[in-house]
Amino acid sequence: MPISRRATAAAAVAALVLPLGACGSSDDGGGSTDASGKVEGDVTFQTWNLRANFKPYFEGVIAEFEKQYPGTRVKWIDQPAEGYADKISADAAGGTLPDVVNVSPDLVAPLAQAGLALDLDKAAVKYRKEYLEGAWAGHRIPGMTGTYAFPWYLNTGPLFYNKSLFEEAGLDPDQPPRTYDELFADALRMAKESDGEVATLANVPTIEDFGRYGVPLMNKEGTAFTFNDPKGVELLTKYKELYDAKALDPQALTATPESSGKKFLTEAVAMNPGSALDLGNFKKQAPNLYRDIGITDQITSTGHVNMYVMGVMVNARTKRTPAAVAFAHYVTDAERQMSFAKQVAIFPSTAGSLDDPYFTEQDGTDETRVRVAAAKSLKNAVNYTPVLFSEQMKTELRNEVAKALQGKESPQEALDNAVRACDRLLAQQG
Amino acid sequence: MASSTAVSRVRRQLPASPWLLAAPGLLVTGAFILYPFVSTLVNAFTDRRTLIPGRFVGLANFRELLHDDMFWTGLRNSTLYVLGVVPALVVLPLLLALLVQKNIPGITFFRSAFYTPVVASIVVVGLIWVWLLDERGLINSLLETIGVGRVGFLSDQWLLLISAMAVTVWKGLGYYMIIYLAALGNVPRELHEAAAVDGAGAVRRFRTVTVPAVRSTMVLVGALSSVAAFKVFSEVYLMAGPSGGPAGEDTTLVMLVQRTGTGLTGRVGYASALSVVVFVVTVVLMLLVLRADRRERT
Amino acid sequence: MSVIDKVRPAPAPAVAREPRVTDEHGRPIRVGELALRYVLLLAVLALTVGPFLWQLSTSLKGPTEDIFSSPPKFLPGRPTLHNYERVADTIPVWDYALNSLKVATANVVTNCVGSALAGYALARLRYRGRGVATLVFVLAMLVPVEGIIIAQFTTMRELGLNNTLIGVVLPGCIGAMNVLLMRNAFLNLPYEIEEAAYVDGADVWQRFLRIALPSVKGTLAVVAIFAFMGAWDDFLWPLIVLSDPSKFTLTIGLNYLHGTFAGDERLVAAGTVIAVTPLIALFACLQRYFFRGAGEGAVKG
Numbered sequence: 001m002p003i004s005r006r007a008t009a010a011a012a013v014a015a016l017v018l019p020l021g022a023c024g025s026s027d028d029g030g031g032s033t034d035a036s037g038k039v040e041g042d043v044t045f046q047t048w049n050l051r052a053n054f055k056p057y058f059e060g061v062i063a064e065f066e067k068q069y070p071g072t073r074v075k076w077i078d079q080p081a082e083g084y085a086d087k088i089s090a091d092a093a094g095g096t097l098p099d100v101v102n103v104s105p106d107l108v109a110p111l112a113q114a115g116l117a118l119d120l121d122k123a124a125v126k127y128r129k130e131y132l133e134g135a136w137a138g139h140r141i142p143g144m145t146g147t148y149a150f151p152w153y154l155n156t157g158p159l160f161y162n163k164s165l166f167e168e169a170g171l172d173p174d175q176p177p178r179t180y181d182e183l184f185a186d187a188l189r190m191a192k193e194s195d196g197e198v199a200t201l202a203n204v205p206t207i208e209d210f211g212r213y214g215v216p217l218m219n220k221e222g223t224a225f226t227f228n229d230p231k232g233v234e235l236l237t238k239y240k241e242l243y244d245a246k247a248l249d250p251q252a253l254t255a256t257p258e259s260s261g262k263k264f265l266t267e268a269v270a271m272n273p274g275s276a277l278d279l280g281n282f283k284k285q286a287p288n289l290y291r292d293i294g295i296t297d298q299i300t301s302t303g304h305v306n307m308y309v310m311g312v313m314v315n316a317r318t319k320r321t322p323a324a325v326a327f328a329h330y331v332t333d334a335e336r337q338m339s340f341a342k343q344v345a346i347f348p349s350t351a352g353s354l355d356d357p358y359f360t361e362q363d364g365t366d367e368t369r370v371r372v373a374a375a376k377s378l379k380n381a382v383n384y385t386p387v388l389f390s391e392q393m394k395t396e397l398r399n400e401v402a403k404a405l406q407g408k409e410s411p412q413e414a415l416d417n418a419v420r421a422c423d424r425l426l427a428q429q430g
Numbered sequence: 001m002a003s004s005t006a007v008s009r010v011r012r013q014l015p016a017s018p019w020l021l022a023a024p025g026l027l028v029t030g031a032f033i034l035y036p037f038v039s040t041l042v043n044a045f046t047d048r049r050t051l052i053p054g055r056f057v058g059l060a061n062f063r064e065l066l067h068d069d070m071f072w073t074g075l076r077n078s079t080l081y082v083l084g085v086v087p088a089l090v091v092l093p094l095l096l097a098l099l100v101q102k103n104i105p106g107i108t109f110f111r112s113a114f115y116t117p118v119v120a121s122i123v124v125v126g127l128i129w130v131w132l133l134d135e136r137g138l139i140n141s142l143l144e145t146i147g148v149g150r151v152g153f154l155s156d157q158w159l160l161l162i163s164a165m166a167v168t169v170w171k172g173l174g175y176y177m178i179i180y181l182a183a184l185g186n187v188p189r190e191l192h193e194a195a196a197v198d199g200a201g202a203v204r205r206f207r208t209v210t211v212p213a214v215r216s217t218m219v220l221v222g223a224l225s226s227v228a229a230f231k232v233f234s235e236v237y238l239m240a241g242p243s244g245g246p247a248g249e250d251t252t253l254v255m256l257v258q259r260t261g262t263g264l265t266g267r268v269g270y271a272s273a274l275s276v277v278v279f280v281v282t283v284v285l286m287l288l289v290l291r292a293d294r295r296e297r298t
Numbered sequence: 001m002s003v004i005d006k007v008r009p010a011p012a013p014a015v016a017r018e019p020r021v022t023d024e025h026g027r028p029i030r031v032g033e034l035a036l037r038y039v040l041l042l043a044v045l046a047l048t049v050g051p052f053l054w055q056l057s058t059s060l061k062g063p064t065e066d067i068f069s070s071p072p073k074f075l076p077g078r079p080t081l082h083n084y085e086r087v088a089d090t091i092p093v094w095d096y097a098l099n100s101l102k103v104a105t106a107n108v109v110t111n112c113v114g115s116a117l118a119g120y121a122l123a124r125l126r127y128r129g130r131g132v133a134t135l136v137f138v139l140a141m142l143v144p145v146e147g148i149i150i151a152q153f154t155t156m157r158e159l160g161l162n163n164t165l166i167g168v169v170l171p172g173c174i175g176a177m178n179v180l181l182m183r184n185a186f187l188n189l190p191y192e193i194e195e196a197a198y199v200d201g202a203d204v205w206q207r208f209l210r211i212a213l214p215s216v217k218g219t220l221a222v223v224a225i226f227a228f229m230g231a232w233d234d235f236l237w238p239l240i241v242l243s244d245p246s247k248f249t250l251t252i253g254l255n256y257l258h259g260t261f262a263g264d265e266r267l268v269a270a271g272t273v274i275a276v277t278p279l280i281a282l283f284a285c286l287q288r289y290f291f292r293g294a295g296e297g298a299v300k301g
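Residue numbers (UniProt numbering), protein chains in the order written: chain H, 1 to 430; chain R, 1 to 298; chain F, 1 to 301.
What the hints contain is simulated information worked out from the structure, not anything from laboratory work. Be aware that one or more of the hints could be misleading.
[Claimed, not checked] Where chain H lies over chain R, by a calculated footprint (3+ residues, C-beta under 8 Å):
#1 46-53
#2 147-155
#3 241-250
[To be verified] Label-pair distances were calculated between CB atoms; the ranges are:
#4 Ala46/F <-> Lys55/H: 40 to 46 Å
#5 Leu80/R <-> Pro79/F: 53 to 59 Å
#6 Asp34/H <-> Leu80/R: 54 to 60 Å
#7 Gln343/H <-> Gly50/F: 16 to 22 Å
#8 Val283/R <-> Glu33/F: 57 to 63 Å
#9 Leu27/R <-> Ala281/F: 32 to 38 Å
#10 Ala281/F <-> Ile162/R: 32 to 38 Å
#11 Gly50/F <-> Glu367/H: 34 to 40 Å
If you're wondering where the values come from, they're calculated on a predicted model, not measured in any experiment. We put the CB at the ideal spot given by N, CA and C, even for glycine.
Okay, chain H solo, but in the shape it has when bound (with noise of 0.2 Å):
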């Protein structure tokens, strides 16, 4: 009886709520998996903030893609830095999604579990043997079959520490850090020499930082959080110590990626992680500091660095999966990827790209002693961030972190509380 009430109830607020908000499921035709037809009609291309640096190449690959696929046209939309994921959120649910989408694996993820990305395992399955096998893999999502965006740009890179910092301190500049152990205890030096003034770190662990430590962070199934084991209250025990001793900084309970680069520009913190990309910015935005400025491998107790993945997904709705397919291998194929390395300090994900000589030969400069290092760590690299972390467990963890850095709970009671909160958002995800 009760079930039967409830289910006139769900139907009454059906029927309201549908007309309101018609929502990302309603099918409304089109959509097939099929990408075998001809390519032609007109495909609409989103990308993340790439129109303003590098609007040329993109016009260059679309009128080459044009130009072999006489009847198609591809339309160019670029979106800004800010709010991407809620401008997806309301395309994928008022159904205006574009045919070809450029994602990072968190996207990917609850779009493919509401069926809007098209599975390429099935769809484009021939182009799979291009790709790296890891970056291929990268958007498989636990708990489902198949691959749902091709594997775009990758990028990984290395620590920068201020030299003249470390020197104050009595370390030696150029040995920097290479193991946890040296890092903790650099950092807690560091803090001391300089009475609490300079921090080493600006940033709380992230769920990242766990896997990089060695810790586990999902079951192999993927339906559970794990990272409360020894070694992830292992690690959270340390940051604590490095808290207390502010070799953490103060600020890094709120601090954000932005704010801990501002920090490290303005030399209150002695390391922070970056990229290739970051070079340039501080020979631009402190040009003073960067003569001081040293270069470290990624310290990892597992060998694998981080590395992070960009794709670019089909829409399952496209009215014109031939073309959507063709152009998104197309944009992401080695010629386009090498051609876009050289445009700007990023990584192909295609097989083989990684050993062209750009990538293995040494000029005496520090950007290539960078792409080169980068370069060889990203062949066997991971993205640890597990493809269903949401935004809100992210949120979870670094409260619960925070918690614990304050001391208003145990390493271990923090962790057990941030896994028990992530396993309920994974489950309503589901």
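Fit chains R and F to the supplied structure of chain H, relying on the hints for placement.
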């Protein structure tokens, strides 16, 4: 206050026109504000997510609220925000309006300059103040030179909230100053002159002439600023960060709505329930201000 | 709702034109008081515009200058307008500014006309359902916008207005708060003036246009500036409604300066200055309407 013959004549003249005049406003408000809000009301009773249609769950979202620590933190912070910001925004802009009211040379420049914080985008304002209040920012450098020592404006939970309030007040000064100025223009000069003849000083004239004359505007500013303060989002978001300060302790209710409800994994149902609470509280706030006003008048 | 009944209308013109320094009532001001006023004005000035001067200074700093040095340097060593040229090279800043101008102007027109009409109907005319109509606007003012943005977008799409500038303007084109501000302004006008016009045989439209509206110019100016500012500064809504980059507004466009790969503080600062300047100019133009003295008063009849 209205002469009833005038009213009846006005009414007799054009029976259909009142609705005609109000129609555009009602239509826009109904279609683009209230109608979408009805969908929020409905969603509050479902477990809808951004991309997944919801099922009816009754009061489950509201029950969950009661056990959500973050909800209570948000309610506390939003309430504190009202208590901290509203008195300042009722009084300071009035004083500022009195300061710029007189037509002394160069006053146009000052009036426009005082309005700059209002027109600047909140993102820019946030960036500037974060930079100023930083551990090594200008304000801390000053505090250090005068021997106070550095203050963790951006790392302490309470100082962060207070700093955000200060920014809200700073940004709101010019806004409410305008509203007061429009009202001050109405204070009949005879009142001031009579008071001046009686030998009343500036302070007394302010208390006995100015304040009673703009009292109703003060009530209006109080109502507007308390609703805005309860719904505060940007200032705290930009200064305390998206996760709401250390351990989320500076989260406000609307920040919580945004955090839980937006993005592709947003819990639209739960966020809608939060929105409904925000709405109800602001309605109550309005009623309280009105009642306080009425009681004072009688 | 009666809270809102009480904003007084800005009264009609009376600007003192005597060469001496006088107050708004035409009385001379003592030197001591004058000095005190300037001291206070300068103090508030430092507080309100200081932070913006810092942005202005950053935007004028050349590429070789360190903008993160500590202690910070306030004046650019060799001021240059180069960063402004670079903003224009990076994004089509004039096209975006033109779109913003269209949106903001439309918003000013619709808000001034729409809220004046609705405000007049709510304040001056008696009819059944007036209370309900007022309530609609009050409730609309209390709706938390953060929760309804996707539903608003869906509505806009159903109307086929997504990706148009009309879609950007529409939801805020007659703001509830503006309607209520106008209502109060009209409410505080003495009935007698309209009465006289009525006796002269003026109909509702004539009374509205010739008598009521001119008496509330100050409030109308307030509505205009709020409407312009709201449209000019809005980011999230235009971002969600628009897809076509050629239709983007300035706030969206300037966001491109926070590059994906490399942000440059100088560019961002220059962008900020570009965004704020028109608003300050507009305020400077309209401000005289807010400051009308009461010398002559609104009631002439």
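query = So which of those numbered hints doesn't the model satisfy?
reply = Of the numbered hints given earlier, those the structure breaks are 5, 7, 8, listed in rising order.
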